[in-house]
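Undergrad: Join the two chains into one complex using the hints; note that each chain is given alone, in its own frame.
Chains G and D are the protein sequences, given in the same order.
Everything in the first sequence is counted per the numbering used here, starting at 14 for the first residue and increasing by one.
Everything in the second sequence is counted per the numbering used here, starting at 109 for the first residue and increasing by one.
No wet-lab data here; the hints were simulated from the structure.
Hints may be right or wrong, so weigh each one.
[What the hints assert, rightly or not] Which chain D residues face chain G? A few, computed with CB under 8 Å, are given here:
| hint | residue |
| --- | --- |
| 1 | M109 |
| 2 | W111 |
| 3 | L112 |
| 4 | L209 |
| 5 | W211 |
| 6 | Q213 |
| 7 | S214 |
| 8 | T216 |
| 9 | S218 |
| 10 | S338 |
| 11 | V358 |
| 12 | P420 |
| 13 | R446 |
[What the hints assert, rightly or not] Now the in silico label distances, taken between C-beta atoms and shown as ranges:
| hint | chain 1 | residue 1 | chain 2 | residue 2 | range |
| --- | --- | --- | --- | --- | --- |
| 14 | D | F441 | G | G141 | 28 to 34 Å |
| 15 | G | R43 | D | P295 | 44 to 50 Å |
| 16 | D | P295 | G | S144 | 29 to 35 Å |
[Said to hold, decoys possible] Below, simulated SDA-like cross-link-like pairs (lysine to any residue); rule was C-alpha separation at most 20 Å, straight line:
| hint | chain 1 | residue 1 | chain 2 | residue 2 |
| --- | --- | --- | --- | --- |
| 17 | G | K111 | D | P414 |
| 18 | G | K111 | D | W220 |
| 19 | D | K252 | D | I150 |
| 20 | G | K142 | D | G205 |
| 21 | G | K111 | D | R118 |
| 22 | G | K111 | D | I150 |
| 23 | G | K142 | G | K90 |
| 24 | G | K90 | G | Q251 |
| 25 | G | K111 | D | W111 |
| 26 | D | K350 | D | P414 |
Ideal Cβ placement from N, Cα and C applies to all residues, glycine included.
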Amino acid sequence: MSAVIQAQGLGKRYGQRWALTDCTLDIPARRVVGLVGPNGAGKTTLLNLATGMLAPTSGSIRVLGGRPAEGPAQLAKVGFVAQDSPTYAGLSVADHLKLGARLNPGWDAALARERIGRLGLDPARRAGKLSGGQRAQLALTLGIAKRPQLLILDEPVAALDPLARREFLQGLMEATVEHQLSVVLSSHLVADLERACDYLIVLVDSRVRVAGEVEELLATHHRLSGARRDPTRLPAGQHVISASHTDRQTTLIIRTDAPIHDPAWTVSRLSLEDLVLAYMGTPNHPANPGRNHRPTLEVQR
Amino acid sequence: MIWLTWRQFRAAAAMTAAALAALAAILALTGPGLAHDYTTGIAACTTHSGSCSDFARRFFDHHQGSFLAVSAVVLLLPALIGLFWGAPLITRELEAGTHRLVWNQSITRSRWLAVKLALTGLAVMTAAGLGSLVVTWWSSPIDKAAQNFPKMGPLLFPARGVVPVAYAALAFALGVTVGMLVRRTLPAMAITLAVFVAVQVAMPLLVRPHLAPPTRSTVQITEANLEDFSRGPDRRIRVSAKAADTGAWVLSSHTVDASGHAIDTIPPSPSLSPSAGPCASLERGLSPCLAEIARLGYRQQVTYQPSSRYWPFQWYETGIYTALTVGLAGFCFWRIRRSLS
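Just chain D, same shape as in the assembly (with noise of 0.2 Å):
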């Protein structure tokens, strides 16, 4: 059985082979210089002014492209595969009638399937793995430069590390699944893209940010901190500030007003009027403006999942996929020991 799997997967495993192997010689010739580039920017800036900033942006800037693109492949990989691998699987052999023929060998269906969705899922979670892995390692210095992209956001966080693997066996079984169940091969592609997307998409805007309890902190506005500042034709002053913790996920992020309340701009004060005091004339620098907006009890509320629980979120995120694809594997058993002829 392990032959015939490998036999009618072999052209489609090559053919993947091939694609990761060109993608891994790409990155890998790139990657060097890539690091090379940026720990010598980062050496030299903060030896000449100590402002690492600009560097960082401009860094970025030049691969932004390149980072996209390598993120996009690991975000569609296990998409492409539970469309391609997933749902022809069973599909292809009940649109040819070959079921018939071979789930009369001496063997059981359930052993069939085992055979086919363990060699298939394997080579699923290599392919997505491996993927993953040379694009984690090619881009992590144009990680630290993506200030836009924190390592917790739903850009990056779903592209790295190992909840690829995860999503890929999602897929994957997923595909099986309704192919069983569509039993025809085009169908069966197109729903499963459907699921597959809304799952994806679900995750991050109703699942992961409930996985620990968000971080709220409460910071002072500083001029290092400082994300926005604007002062409206109405003279009202509108601010805001950043977490603390750059690689963070910011899920809400407000000014409070002194008792707690949360504001869009801050009130017209006499203290921060534009025609006197320390926020009339700001080219001198904001400092004593976002002093005084302190003194009057203002201060950025974040609330985020800190970049310490990447990890932990990492591994909370493949345990989730991981049931699923048992659950939905466990279907296809009870469901091919039923009629399906």
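The shape of chain G in the complex, shown without the other chains (with noise of 0.2 Å):
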């Protein structure tokens, strides 16, 4: 098995605004995938079409090898913990682990009563009193006790404050690695993946901008700063992502393979953070530097 997700020319369209538009992605497995974007970019909609929640209006996409939510078994598959961590709240935490019994034949009884032990939840609360974090928390158990080969979560810590979402992205981790599982989480700060995502994805105004492995995307990712020039004239294969000019200065963030050579530049190392807000700031630059390349003049914050 070598891909996890595989999208072709995927798109989604409600009404007359598109969601998603022309998204090819290929995700290796055993990745965290962290899926990053303004609110609204679409990256819910993209979840949701993987686990089969949504149709796609164009494109196809495979996960795991199958079509999503096509059957019980490409479902037990998938976990999915969407937006919200929804979970019922006149029911019990014990009545959900009897939920996921029930509705799993892969169901890791142990692993779970393990998890909501670990977690100091108490299996005769109803869902609907635990706090914010004790709810996501209830909502991961249930994904990862159906023991998936794919764990999707939608914004898992959204709702959480900052002790709490490092706590559950900590217990995430482990999870991950103790099961062997492939992961695909979406948040709106970077903050929250950096620590936890070895594989990115960008996503702005319904478009993939960037996809691939953070160390690789670390190293291609560059920002240059020297003396204020055009930067149209850059060599071939350095394409510029970022530019920013003061009256006598250039700072430009761009993507190459290739070392770069040219003395009069400042070359620095960019954190994943100053990367994804690179791609965010660029709304009409493509997804693709290779074709429609058009860099950008107009000063960006």
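TA: Now the structure itself:
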């Protein structure tokens, strides 16, 4: 098994508005994939397409080699914790575990009990009375104890305070290693993903801007700063992601596979956050730098 | 899935079961006494005077309140079930977002819906069936005494027998379908109620009279079947008669003249004069006057659905509602397979 999610020209339209367009992805297995982008960029749409909650308007998507939500076997392979971690408010924690056990043939009861015990959740407590963090943990427990091959989480930490966020991601990472899961999780905050992810997809305005291994992305993106100059006169193979100018200075963020030899530039490494922000700040920049390459000249924030 | 459905449904089921049990208990306690009163009353009046209509009228008047109340319960039960069990079945999940939890367990949406519909639908029909059964049993003596409410008529027909079960099934399926389309509980409940009431009004107005061609009979107006006799200030006689079949649902009834034309009042005639002849002194009985009316060719023409068609009609109507219910359920399955997130 090579790819957990394969999308070809995937698109979803709501009425006149395209929530996701021309999405082509090939996400390798055994990664923790961060899906990042501003609110309304289409992250939830993409994840809902991957879980079969939505049907695509155009293109196709295969998850673990099958069509999303095609049948019980496909459903068993993919765990999904939807946005806001929905749980049945009237059912107790124990009821939720029973629900998981009844509806999933591969249910790992020992794992679920152990997780609930470790989190200190009272099994008799109703889910509606749990805090946001506890509810998210309960939903995650349901997702993990189902023993899927791929776990998809939509903004799992959005409602959590910083401490709960850290604990949640910590727990997720442990589970990922322990059960050899592939994970896709979305967030609008890079900081959440920085610690956790080794693969990143940046989604802006319903398009995939960039996707790749985090290490590779960091190795191929650079910040160049130097005396003010026209960024169109860069060597071939250096693609400008964002450019900002003061009266005397130009700062570029570029993508290139080759080393940078121009001594006029001061080259510095980017943090993951800088990288994501650079892509988010260029709404008209094409996803594929080779095609329709038109560097932006307007002054960026 | 059965467990989850039951777990989500048990509170509502328990409440309805308790309400039905209370109703059944009250009816079980009062029913035998009611039946006893009726049989002894009928026995007494047949041995005494031979005319039991006075007893029936008194018996009915005495129990009219409870008769109307239990009939209303059976009429309302399907609508309430559709409202409170049907509409929220899916919308509650959609509103809380829990469909995104349950649809991502290892069970397809179709199966989820199938179990929910089947289990809850079964409970719906059981509740309506039991309700109808106890009420039909309890009120059978009153139904017999109720002269203005024939058993084929629009009040009693839908409140007795098997049709309440089919009504409840339809109301439930309607609630689920509307909920799936509207996706919000309160508007779904309102629309369900409006549509169901419209269906229940349209049925006796537009459909039930035509389930079988109505019977038309032309009868002579006699003292035995006389319904109304009056003489207006213009000295015209207005007269009408009942159908021989007291349980029938009368669709139309009018007096016709010798040539078969419907008339409102009988035109003046020397033999019907209020000053002389058989219709002059009505205190001595109407028979001579009615005989004269009959001799002149006036008859009562009644169009009705006879009471012998009670059970065929119950089954026809059950069939129609069942077909509608199955159609709605099919739509729900089609709809849930398409994107609904």
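Undergrad: Taking the hints in turn, state whether each one holds.
TA: Hint check:
Annotation: M109 of chain D was flagged as interfacial toward chain G, and the flag holds, the nearest CB pair being 6 Å apart, inside 8 Å. At a threshold of 8 Å, the smallest CB-CB gap from W111 of chain D to chain G is about 5 Å, leaving the interface hint in force. Nearest Cβ of chain G to the Cβ of L112 of chain D: about 6 Å, under the 8 Å cut. The hint holds. The beta carbon of L209 of chain D comes within 5 Å of a beta carbon in chain G, closer than 8 Å, and the hint placing it at the interface holds.
Because the beta carbon of W211 of chain D sits about 7 Å from the nearest beta carbon in chain G, less than 8 Å, this interface hint is met. Look at Q213 of chain D: its Cβ gets to within about 4 Å of chain G, closer than 8 Å, so that hint holds up. Hint status for S214 of chain D relative to chain G: holds, with the closest Cβ pair at about 4 Å, below 8 Å. The beta carbon of T216 of chain D is positioned within 8 Å of a beta carbon in chain G (closest approach about 6 Å), and the interface hint is therefore held.
The interface hint given for S218 of chain D is broken, as the beta carbon of that residue sits about 10 Å from the closest beta carbon of chain G, more than 8 Å. Taking 8 Å as the C-beta contact cut-off toward chain G, the hint placing S338 of chain D at the interface is violated, the least distance being around 65 Å. A hinted interface residue such as V358 of chain D counts as satisfied when its beta carbon comes closer than 8 Å to some beta carbon of chain G; here the least separation is about 52 Å, so the hint is violated. Interface restraint check: P420 of chain D against chain G, minimum CB-CB distance 45 Å, threshold 8 Å, status violated.
About 7 Å separates the beta-carbon of R446 of chain D from the nearest beta-carbon of chain G, less than 8 Å, and the hint is met. A hinted range of 28 to 34 Å holds for the C-beta pair F441 of chain D and G141 of chain G, which are about 30 Å apart. A beta carbon spacing of about 46 Å between R43 of chain G and P295 of chain D agrees with the range 44 to 50 Å that was offered as a hint. In this structure the hint that P295 of chain D and S144 of chain G lie 29 to 35 Å apart at CB holds, the actual value being about 32 Å.
Of the supplied pair hints, the one linking K111 of chain G and P414 of chain D is violated, its CA atoms being roughly 56 Å apart against a limit of 20 Å. A hinted pair counts as satisfied when its Cα atoms are at most 20 Å apart, and K111 of chain G with W220 of chain D qualifies at roughly 16 Å. Proximity of K252 of chain D to I150 of chain D is assessed by CA-CA distance (about 11 Å); at most 20 Å being required, the pair is judged to hold. Using a Cα cut-off of 20 Å, the hinted pair K142 of chain G and G205 of chain D holds, with the two alpha carbons roughly 17 Å apart.
The hinted pair formed by K111 of chain G and R118 of chain D meets the criterion: a straight-line CA distance of about 16 Å does not exceed 20 Å. Note on K111 of chain G and I150 of chain D: the hinted pairing is violated, with a Cα-Cα distance of about 61 Å set against a maximum of 20 Å. Taken as a hint, the K142 of chain G and K90 of chain G pair is broken in the structure, with Cα atoms around 30 Å apart against an allowance of 20 Å. The suggested pairing of K90 of chain G with Q251 of chain G is violated, with an alpha-carbon distance near 41 Å, which exceeds 20 Å.
Among the hinted pairs, K111 of chain G with W111 of chain D is consistent with the structure: their alpha-carbon atoms are about 9 Å apart, no more than 20 Å. For the hint pairing K350 of chain D with P414 of chain D, the CA-to-CA distance comes to about 13 Å; that is within 20 Å, so the pair holds.
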